[in-house]
Amino acid sequence: MEPVVMSPPAAALLDVAAGALLLTAVLVVWRRDLPTILRIFTAHGLALGALVGVLAWAQRSVELGLVTIGVLAVRGGLLPWLLRRALAGAGPARREVRPVVNVTASLLAVAALVLLAFSVSVPLVELGESPATRAVPVAVAVVLIGLLVLVTRRHTISQLVGFLLVDNGITAAGFLTTSGIGLVVEVGVALDVLLAVLVLQVLAGRIRDTFGDVDLGELRELRDR
Amino acid sequence: MNAVGWGLVSAVVVALAATVAALAVPRRHRPAVTGVGVVAAGLLGTVAGVVATTGTTWSVARPDLLPLIGLELDVDSLSGVFLAVGGVVAIAAGTYAIGAARHGLDGPGVQAALPAFVASLLLVPAAGSVGTLLYCWELMALTSLVLVVAEHRERPAVASAGLWYAVMTHAGFVAIMVGLLVAAGAAGDGSFAAIRAAASGLSPAAASPAFLACLAGFGSKAGMVPLHPWLPRAHPEAPSHVSALMSAAMVNLGVYGIVRVGVDLLGGGPSWWWVTVLVLGAVSAVYGILQAAVGSDLKRLLGYSTTENMGLVLVGVGACGMFAAAGSRALAGLALTAALLHVMTHAAFKTVLFLSAGSVLHATGTRDLDALGGLRSRMPVTTAAFGVGALAASALPPGAAFVSEWLLLQALIHGLPAPGVVPAVVLPLGVAAIALTAGLAVATFVKAFGIGFLGRPRGAGAAAAAESGPAALTAMVLAGLACVAAAVCPTLVLPTLAEVAGGVVHAVPAVSGTVAIELVGVSGVLSPVLLVVTLIAAAAAVVGALRLLARRRDRRRARLWDCGAGPLSARMEYTATSFAEPLQRVFDDVLAPEQDVDVSHHEESRYLVAAVSYRRELPDRVERRLYTPLLDAATAWGRAGRGLATGSVHRYLGYGFVTLCGLLAWLVVTR
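Protein chains in written order, with our numbering: chain A, 24 to 248; chain B, 60 to 730.
The set of hints was computed from the structure by calculation and includes no laboratory data. Cβ coordinates follow ideal geometry from the N, Cα and C atoms, glycine included. Incorrect hints may have been included.
Stated by the list, open to error - Beta-carbon label-pair distances, calculated as ranges:
1. B/Glu676 - A/Leu218: 31 to 41 Å
2. A/Arg229 - B/Gly528: 53 to 63 Å
3. B/Ser219 - A/Ala111: 53 to 63 Å
4. B/Leu240 - A/Gly211: 55 to 65 Å
5. B/Gly715 - A/Phe141: 55 to 65 Å
6. A/Val39 - B/Gly715: 50 to 60 Å
7. B/Gly715 - A/Glu86: 29 to 39 Å
8. A/Asp38 - B/Gly715: 23 to 33 Å
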């Protein structure tokens, strides 16, 4: 694959978009108020859309431009809207009351994870040095942060946000490394994610109906004795 | 394609067609269809095998037929022997299976598995590459497993036996796979021809683990101690014609595998491989027959007897490899000839024994010898068939096993002057083990026949027994005739077997002669025909003389002396347990029986006995010492693993997350 040659303003914009992607992911970990988290997550989706848009502009690719619109619609509009609806249906709890690991420790862990992501992505960047590949560590960091949210948060909505962070990170890595995966693949992945969110939303509703809460800790009894 | 190819391919096609037919035809015709299919496949397989033993080879490679590995068949004379044995056993078992509908075994799964099992039995010795062998081996394991658990609704013990069999046969499969892949990896190709060609360049560090892994896997299939515990469980619990197929045909393939891999593919190897085989064989023989001698479950007894006989065969195989490694090719050929002949005779008598045991089980509803007896008048054909089989199994001169064991002893005794300390220790011990085994076998089969069939019935089932149907009787008579043939004229097959064995170890045939067996290279002559004729003539003379003497005297009819204790009843008879009691005493330290006598008294008087209960158990000691700790450890490990699964979703996610981060960090550090 040819490394994408990028004009300096495009490269700068790409760096800004990538920085926004990472910053919003870190903010998700920092905040405990669920409506705020959802607003940050919306910003995260928009940052991802901006990232793809910059790539489309840099490569002058119409197809990638169409994908940008799709990404903005799904990640910045549809998914946050679904999450807000799920939150409205998830009962009175509006805060991530007691995460498994407290926020300060989580932020320290995030710092460690970002360092890990940067050091582990060195060979990826070396494969083809370009502004796009230099942003790959950010995508990897977002994946790891998403996993951290999945592991440390109890509220079902937080879990969903973590899952979607992982997915956004993978999507970003895909766009940054391959200069545009096929439209069909992207649409397919988006549909898969949508389906997963819908299923999880239904599951969250069922958990609430059964246990009167959406804390995943309630599922502790469901194990082999 | 020559006669071997046609026979083998048509046998497999017929068997697979019978499998499909078993799923398609209505329940009432199913056993007949599969039975006839198995008989036809057995006949065709026998033809292919017999032609192959005369030196006709056939091979085919179809890379498109099996996914990923391709099908490679390569039939030579060694394969031919095992093909023919499997085919003959299948004929008898198939005939018996036609009548198996009476036994309530007409479900589609069980009936479809039987022909497929026979097809795999014929394909394993014909396999010409590692992939094909493993594929057919696994097919054999799976189909036989389905057949073993056929009656799981009737008896809970079947499920346990099936579990043991499934686990051990698959552990064996893994061992064989590892061994063969090591050999194939060194050769760079999976075909047997390539491995054979590369064997001379194989380092001992690769060849020895490969051989030991194959020995463990194949030996487990042959019921070799200490890998035998599945055998006395699975063989009794399977339906009897399946027991016959497993015990008379399937276990042989373990021996085939050891000979094929050790002698043929790896080219012999160092002497210590074969000393290991010989010692394990001798231990299996003695341990197997000892357990059989003290057991009272008819089919379990026969299962242990299989361990014994496969042990004897392994002694032959081990001696063959040892002599070949020492350079005495003639003796190696003789030992392998003896082993192959014993495989054949064992197949013949074990088929008739299992089929007649099945007939007894069906008629009386029990396998417990202590509840049998008095079947001679009610089931004359079954009794005669079991008698012939028991005689053949007990290694006494008119029996079939005598000839093969004689040959085996000849090989070991003539090998005694071999140089080195190890042969000087191992060979006399081997001879002693065979002699001890022969003696115990006589006791075992006298017990099985005498207690099981003669005397008075000891239980209600035995008292109400009726002879089996025509299909079962035909099968038993066929197998019985094979036993008689093996006893009277082994010379019909021996020169061919000697040629096969000679071909494997690159020596001249070790046996010749048409009427008498003449050993080539060492001195020794035996004529089974003359022996049998002489014995029958002597027996007839003794009986005639006694009759003559008796007629001269006056005779008086009177009641049998019963010590004045009233009419003789079945409870005064010897039982299997009491018959074996002296043996059990002699081998007390080896068997470690668990006995418990519990005497309870009347409340009024301590001097009056109310009841005496006696309980005796003979646990398999190898199993208890070796497998129970293993199973306990596995269970404990499983319980410990449960501590990891607390039910917390976060913890489960965390395992994955931590592992991922750890791996990434490791990557960063090591790169």
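Structure-based check of all given hints:
1. B/Glu676 - A/Leu218: 31 to 41 Å: 60 Å, violated
2. A/Arg229 - B/Gly528: 53 to 63 Å: 60 Å, holds
3. B/Ser219 - A/Ala111: 53 to 63 Å: The hint (53 to 63 Å, Cβ to Cβ) holds, given that B/Ser219 and A/Ala111 are roughly 56 Å apart.
4. B/Leu240 - A/Gly211: 55 to 65 Å: Given range 55 to 65 Å: violated, Cβ gap about 39 Å.
5. B/Gly715 - A/Phe141: 55 to 65 Å: 22 Å, violated
6. A/Val39 - B/Gly715: 50 to 60 Å: About 33 Å separates the Cβ atoms of A/Val39 and B/Gly715, which means 50 to 60 Å is violated.
7. B/Gly715 - A/Glu86: 29 to 39 Å: Once the Cβ atoms are compared, 35 Å apart, the range 29 to 39 Å for A/Glu86 and B/Gly715 holds.
8. A/Asp38 - B/Gly715: 23 to 33 Å: 31 Å, holds
Checked against the numbered hints above, the structure violates hints 1, 4, 5 and 6; every other hint is satisfied.
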